[in-house]
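Kindly generate the complete structure, drawing on both the sequences and the hints.
Residue numbers (this note's numbering), protein chains in the order written: chain A, 66 to 387; chain B, 66 to 387; chain C, 41 to 376; chain D, 41 to 376.
FYI, nobody ran anything at the bench for these hints, they're computed from the structure.
Among these hints, one or two may not hold up.
[Stated by the list, open to error] Among chain D residues calculated to face chain A with C-beta under 7 Å, some are:
no., residue
1, Gly76
2, Gly79
3, Ala84
4, Asp105
5, Ser111
6, Pro344
7, Ala351
8, Glu353
9, Leu354
10, Tyr358
[Stated by the list, open to error] Distance condition first, Cα-Cα at most 20 Å in a straight line; then the derived SDA-like pairs of lysine to any residue:
no., chain 1, residue 1, chain 2, residue 2
11, A, Lys198, C, Arg59
12, B, Lys369, C, Glu353
13, C, Lys335, C, Glu366
14, D, Lys335, D, Leu295
15, A, Lys337, A, Ala348
16, B, Lys261, A, Tyr249
17, D, Lys335, C, Ala375
18, D, Lys335, C, Phe331
19, C, Lys335, D, Tyr333
This one's a predicted model, so the numbers in the text were calculated from it and none came from an experiment.
All C-beta atoms, glycine included, are put in the ideal place defined by N, C-alpha and C.
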Amino acid sequence: MQLNRSEMLRAYRQMRLIREFEERLHIENRTGEIAGFTHLYSGQEAVAVGVCENLNKSDFIISTHRGHGHCIAKGGDVPSMMMEIYGRRDGLCKGRGGSMHIADIEQGILGANGIVGAGSPIAVGAALAAKIKKNGGVAVSFIGDGASNQGTVFEAMNMAVVLKVPKIFAFENNGYSEHTGAHYGIGAPDIVQRIKSFGMPVFEYDGFDFFSVHEAARQAIDYARSGNGPAAIYGVTTRYFGHFEGDPQNYRAKGEVEMFRTEKDCMLRFRKMVSDAQLLDVAELDGIDTEVLALIEQSVVNAKAAPPPPPETVTQDVYVSY
Amino acid sequence: MQLNRSEMLRAYRQMRLIREFEERLHIENRTGEIAGFTHLYSGQEAVAVGVCENLNKSDFIISTHRGHGHCIAKGGDVPSMMMEIYGRRDGLCKGRGGSMHIADIEQGILGANGIVGAGSPIAVGAALAAKIKKNGGVAVSFIGDGASNQGTVFEAMNMAVVLKVPKIFAFENNGYSEHTGAHYGIGAPDIVQRIKSFGMPVFEYDGFDFFSVHEAARQAIDYARSGNGPAAIYGVTTRYFGHFEGDPQNYRAKGEVEMFRTEKDCMLRFRKMVSDAQLLDVAELDGIDTEVLALIEQSVVNAKAAPPPPPETVTQDVYVSY
Amino acid sequence: MAVKTMRDAINEALFIEMRRDGRVIVLGEDVSGGAGGTGIRDAAGGVFGVTKGLFPEFGEDRVIDTPISESAIIGAANGAALAGLRPVAEIMFADFIGVCLDQIMNQAAKFRYMFGGKCVTPIVVRMAMGAGMNAAGQHSQTIYPMVTSIPGLKVAVPSNPADAKGLLATAIRDDDPVIFLEHKALYSRKGEVPDGEYLVPFGVGSTTREGKDVTLVAIARMVGFAERVADKLAAEGITCDVIDPRTTSPLDEELILESVANTGRLVIVDESNPRCSVAADISSIVAEKAFSYLKAPIIPVTAPHSPVPFARELERVYVPSPERIEAAVRSVMKAG
Amino acid sequence: MAVKTMRDAINEALFIEMRRDGRVIVLGEDVSGGAGGTGIRDAAGGVFGVTKGLFPEFGEDRVIDTPISESAIIGAANGAALAGLRPVAEIMFADFIGVCLDQIMNQAAKFRYMFGGKCVTPIVVRMAMGAGMNAAGQHSQTIYPMVTSIPGLKVAVPSNPADAKGLLATAIRDDDPVIFLEHKALYSRKGEVPDGEYLVPFGVGSTTREGKDVTLVAIARMVGFAERVADKLAAEGITCDVIDPRTTSPLDEELILESVANTGRLVIVDESNPRCSVAADISSIVAEKAFSYLKAPIIPVTAPHSPVPFARELERVYVPSPERIEAAVRSVMKAG
Ligand SMILES: Cc1ncc(C[n+]2csc(CCOP(=O)(O)OP(=O)(O)O)c2C)c(N)n1
Ligand SMILES: Cc1ncc(C[n+]2csc(CCOP(=O)(O)OP(=O)(O)O)c2C)c(N)n1
Ligand SMILES: [Mg+2]
Ligand SMILES: [Mg+2]
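So this is what it looks like as structure tokens:
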């Protein structure tokens with residue numbers, strides 16, 4: 066399906082937002098001001114955005130430890146996210162969640178999640194609610210190559226098929242599970258076949274091509290939304306930074322990341338495709354870049370200047386009532 | 066592969082032992098003398114025996130909550146098992162395990178297990194030990210249709226493939242997971258395909274035909290023992306009694322069990338096959354029946370008369386040292 | 041009021057709450073029973089018959105049989121709760137928390153806190169717990185110490201049919217995740233149960249016997265044992281406050297502390313293993329906050345530090361007995 | 041003796057024990073790192089670098105990288121142990137016990153008991169625990185109360201490099217399953233470590249400061265905090281026994297009871313949440329067995345009943361601080 070101009074511009078802006086958010090965090094991280102573990106999504110933008118551009122606000126996603134990209138793509142507020150990652154009082158989670166637990170239920174974002182594989186069964190439940198309420202909603206969980214081997218993900222796939230819920234399993238193979246190659250951890254010769262064998266269709270995508278992801282996700286989401294039960298998407302992508310900030314990536318060949326950055330980058334590809342096909346004007350895209358950079362800059366400045374959470378909030382919101 | 070006379074006689078005796086053990090327990094259970102939950106294996110004998118007749122003493126099996134059959138088939142001592150089920154001091158587990166935890170490590174029986182799906186990862190470990198020790202051993206876990214949906218089983222399948230260990234996944238579809246039909250819980254249209262997709266061959270068997278199970282198991286075990294990594298077997302069977310003792314089985318059609326007992330029974334089939342083919346003499350089989358009945362009778366008499374575990378053993382063997 | 045078993049009282053609470061609120065759903069293994077079988081549906085109503093009859097009335101959208109996938113059961117409950125439903129998930133035996141703890145401990149319990157207070161996760165996890173049925177090591181554990189230790193969870197441990205009904209209704213209406221533990225050996229226990237809608241608040245213990253000499257705190261099945269001992273000793277002139285906390289989280293500290301302020305002596309009866317138990321927990325609260333009232337050592341009466349054994353003769357000595365409780369009460373009477 | 045970090049001390053113990061006994065294997069996620077990658081192998085040696093160098097020396101038969109499948113990791117360790125090996129499994133963060141508790145609680149811990157004493161399950165489960173790194177709610181929990189409560193498990197909680205080395209060696213040689221908890225915030229902590237084979241026995245606590253006024257029991261990272269307070273107060277003439285139990289199961293009750301018999305005052309510092317904690321556990325043991333010696337309420341100093349927060353400012357108030365410990369010591373001095 067062809068996207069219209071404003072849809073393409075929006076998608077580009079979302080990808081750029083993620084990219085700049087992450088690249089900036091990578092730099093900021095070295096200042097020591099950002100606490101905890103931070104897992105960056107740079108390189109994978111086409112996947113999050115390709116999926117989420119097919120969703121409504123009332124649809125749900127649930128993310129992984131590498132959650133910023135999915136969160137931004139689903140409409141997470143960038144300045145509030147930045148505040149959260151800096152651990153500030155006015156962060157999206159009041160500084161109690163941080164990078165690994167960024168969430169915005171209002172936007173249908175059921176959170177980044179620090180437990181690999183935990184999101185999929187939760188999304189089955191969100192999809193179940195949509196099915197019971199008959200509100201036409203769907204739920205998506207994102208699943209890394211490493212996560213695809215966790216028992217909870219398999220259980221969720223089977224449960225989703227049994228309950229025939231509108232759930233999309235969005236598999237994202239970025240080549241590595243921490244320091245381990247994807248094909249070491251996945252014993253199956255063909256992971257797509259492994260997913261299909263659970264009883265759902267798999268729509269494959271090229272993770273370096275936004276349009277490919279967008280189309281695969283559209284088909285999967287249509288399938289699920291139409292009451293056919295769960296569907297999956299699968300494709301290969303790459304991450305530019307280490308597993309977490311500080312990882313020297315010596316388990317990757319020298320030059321591997323550089324090659325991806327220069328030859329396969331999803332944003333360069335997007336720019337080239339839309340300008341070659343004369344769908345969008347490069348100047349327009351540059352304008353977005355400038356605007357996004359300013360927003361990120363402002364977000365960082367604000368976050369740095371913002372007050373920390375008051376100490377007494379350490380015991381706030383453990384319960385609704387107790 | 067053709068079995069010789071003594072192998073066939075032995076197999077028949079093993080099946081008969083299981084059958085009479087279980088049928089007798091079903092009767093004894095009504096006396097109220099047997100405590101706890103008891104899950105009987107009647108009807109499925111061909112599977113346990115068909116598999117275990119291919120194993121050496123030093124190979125390992127791990128069973129399920131429905132463990133008597135696997136245990137007897139792998140060489141568990143029948144009188145000691147009976148004592149255990151009666152909760153006696155001299156039972157196989159000193160009365161501390163009971164039906165659900167019958168085990169005999171010496172015989173390579175890593176136990177019945179009350180947690181559905183727990184056995185498969187454990188058997189992966191036993192197989193890993195065999196691989197590391199290079200002793201030619203294999204490990205088998207038995208997996209019900211219901212258990213096949215538990216996350217731990219999927220994890221174990223993947224792990225076994227990744228580590229290329231000599232592990233056999235013995236799937237036994239007896240049609241029901243407690244009160245739920247097998248095909249309700251297994252969302253996949255084709256469970257064999259689901260197993261295969263993990264990256265191992267599946268050898269299918271007819272669970273009502275001992276020779277079919279024996280041959281499938283032989284191939285799977287040969288495959289694993291030869292260093293090719295894990296393999297699976299899969300087939301359909303049935304259980305004659307309720308999920309646990311006391312279950313009225315009203316989730317099954319009237320006459321379903323009767324039909325299986327008269328038309329598909331694995332022992333009747335065995336007798337018919339070997340006598341039709343003039344491989345064994347019916348009188349010989351009858352002789353085994355008589356001998357087995359006497360052994361079971363004696364086991365029950367002994368178990369009933371045996372002393373209970375002394376109260377102070379309640380805290381025995383929690384640790385080797387503490 | 042009518043006399044009912046705890047099983048029926050819980051079943052009634054489920055009916056009432058499901059009729060009252062269309063967002064309440066029930067999910068778990070065999071909660072109806074017979075799905076995909078060749079016989080009848082609602083064949084089981086859960087292995088203990090607690091959810092019997094719900095399927096015929098509420099249908100498959102609201103009474104959901106699942107595969108044997110506990111992580112996915114609790115996970116699905118969590119997700120459905122975040123999306124606006126009020127799921128009551130059944131984990132057949134509490135021991136199976138081993139295969140779904142993450143969704144309870146790291147997900148349900150923590151969402152609200154980690155997400156800045158911007159969501160609720162109103163799930164109830166019903167689990168059958170406890171020894172007394174010779175179900176051996178993997179089907180007999182109480183697990184309330186573990187879940188009580190986890191911030192973000194509430195934990196109910198009813199000791200009688202009326203409380204079971206009232207606490208479950210409260211659990212379902214509560215916006216926080218609740219672990220609801222039903223003692224297997226109490227399912228057939230009968231008692232008066234109020235008709236219609238009935239709520240028992242969380243964090244409010246009940247004093248089932250009043251006395252002046254010893255405070256006897258007991259949990260779930262142990263409450264009956266404690267009462268028996270209290271009644272027996274009352275005839276001798278030793279009188280006990282018997283306190284049933286009803287929920288271990290929140291815990292009615294005040295009730296316990298006030299009682300100890302009167303009696304000066306405390307015995308805690310907990311069917312769990314001793315280490316880091318609720319008995320230890322209550323003891324430590326009292327040793328901190330009511331120390332000056334104490335006349336005697338605090339005696340926990342618990343199971344030993346061993347798994348639950350199978351044989352009748354062993355399980356009998358494993359579970360705290362009225363005799364051991366009586367001995368503990370006598371010992372604190374002697375001590376001070 | 042040489043000064044080493046706790047990370048290096050643990051690494052050394054692994055090297056020594058693996059060289060000593062061919063049955064010892066190591067398995068877990070990224071324990072070498074780089075499997076199936078395009079770069080170098082042994083790239084990580086575990087995310088905290090604790091297993092670094094094992095792969096080059098012992099090879100892929102004994103240093104086994106696994107998929108992200110914690111249940112299968114512990115399950116495989118259990119099976120390998122039953123079959124005669126001595127596996128050391130790594131669960132990267134202790135919080136992940138949520139996805140593998142069954143294999144720990146219902147399998148490893150119970151085999152020997154349930155199987156009539158006829159087997160051993162000599163596994164060690166190494167896990168990184170604790171707050172202090174702003175790793176938020178799912179990567180910061182101490183989980184020793186949970187595992188201490190489970191009969192059949194032993195639990196080690198080293199507070200310094202030498203103990204870490206000696207306790208790990210003991211754990212590997214022990215025939216029972218051991219949960220070995222490494223506090224993340226102590227990995228880079230340095231200390232004198234004995235060279236060569238070195239064993240620290242289980243169930244034997246160490247008194248790291250001697251005093252007469254207050255018994256200060258502390259666990260893992262809290263030992264250092266307790267020592268700091270003890271040193272500070274000693275200057276004022278208030279002296280403390282600082283006791284590091286080193287293993288919470290078995291627990292050196294005797295050492296604690298003897299100390300309390302001398303001091304009459306007890307403060308317990310535990311980074312866990314308060315309910316059913318090891319602090320509560322130790323308090324209850326003392327309130328039962330050394331009651332008559334007590335001069336003051338027993339004060340547990342723990343984290344609050346809340347998940348671990350992310351922000352620095354919040355985590356700082358979450359973790360028990362020397363200030364709070366000092367206040368507790370002063371309060372028991374005042375009380376009696
Ligand atoms: C249950 C669990 N096990 C292990 C980890 C540690 N861990 C965090 S991310 C990660 C790798 C995940 O790989 P993948 O799913 O491919 O996602 P990616 O990091 O590539 O985005 C691991 C092992 C965890 N957080 N949770
Ligand atoms: C983790 C876990 N979940 C649920 C149960 C309860 N349970 C015991 S047996 C069983 C059904 C198992 O079905 P299947 O695997 O087909 O084996 P079968 O009983 O048919 O031999 C269930 C649900 C359990 N013991 N463990
Ligand atoms: Mg990955
Ligand atoms: Mg079955």
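Okay, the hints, checked on the actual structure:
At a threshold of 7 Å, the smallest CB-CB gap from D/Gly76 to chain A is about 3 Å, leaving the interface hint in force. Interface restraint check: D/Gly79 against chain A, minimum CB-CB distance 4 Å, threshold 7 Å, status holds. Below 7 Å, beta-carbon pairs count as interface contacts, and D/Ala84 has one with chain A at about 4 Å; its hint therefore holds. A hinted interface residue such as D/Asp105 counts as satisfied when its beta carbon comes closer than 7 Å to some beta carbon of chain A; here the least separation is about 6 Å, so the hint holds.
Using the Cβ-Cβ criterion of 7 Å, the hint placing D/Ser111 at the interface with chain A is satisfied: the shortest such distance is roughly 6 Å. Among the interface hints, the one on D/Pro344 holds; its C-beta lies about 5 Å from the nearest C-beta in chain A, closer than the 7 Å criterion. The interface hint given for D/Ala351 holds, since its Cβ lies 3 Å from the closest Cβ of chain A, which is under the 7 Å cut-off. The interface hint given for D/Glu353 holds, since its Cβ lies 4 Å from the closest Cβ of chain A, which is under the 7 Å cut-off.
Using the Cβ-Cβ criterion of 7 Å, the hint placing D/Leu354 at the interface with chain A is satisfied: the shortest such distance is roughly 5 Å. Residue-level restraint check for D/Tyr358 holds (minimum Cβ-Cβ distance to chain A is 5 Å; threshold 7 Å). With a C-alpha separation of about 16 Å, the suggested pair A/Lys198 and C/Arg59 falls inside the 20 Å cut-off, and the hint holds. Distance check on the hinted pair: B/Lys369 and C/Glu353 sit about 14 Å apart at the alpha-carbon level, within 20 Å; holds.
Simply put, C/Lys335 and C/Glu366 have alpha-carbon atoms about 18 Å apart, close enough for the 20 Å limit, and the pair holds. Straight-line distance between C-alpha atoms of D/Lys335 and D/Leu295 comes to about 18 Å, which keeps the hinted pair within the 20 Å bound. For the hint pairing A/Lys337 with A/Ala348, the CA-to-CA distance comes to about 13 Å; that is within 20 Å, so the pair holds. With a C-alpha separation of about 18 Å, the suggested pair B/Lys261 and A/Tyr249 falls inside the 20 Å cut-off, and the hint holds.
Note on D/Lys335 and C/Ala375: the hinted pairing holds, with a Cα-Cα distance of about 17 Å set against a maximum of 20 Å. Restraint check: the Cα-Cα separation between D/Lys335 and C/Phe331 comes to about 9 Å, which is no more than 20 Å; the hinted pair holds. As the CA atoms of C/Lys335 and D/Tyr333 are separated by approximately 12 Å, the hinted pair is consistent with the 20 Å bound.
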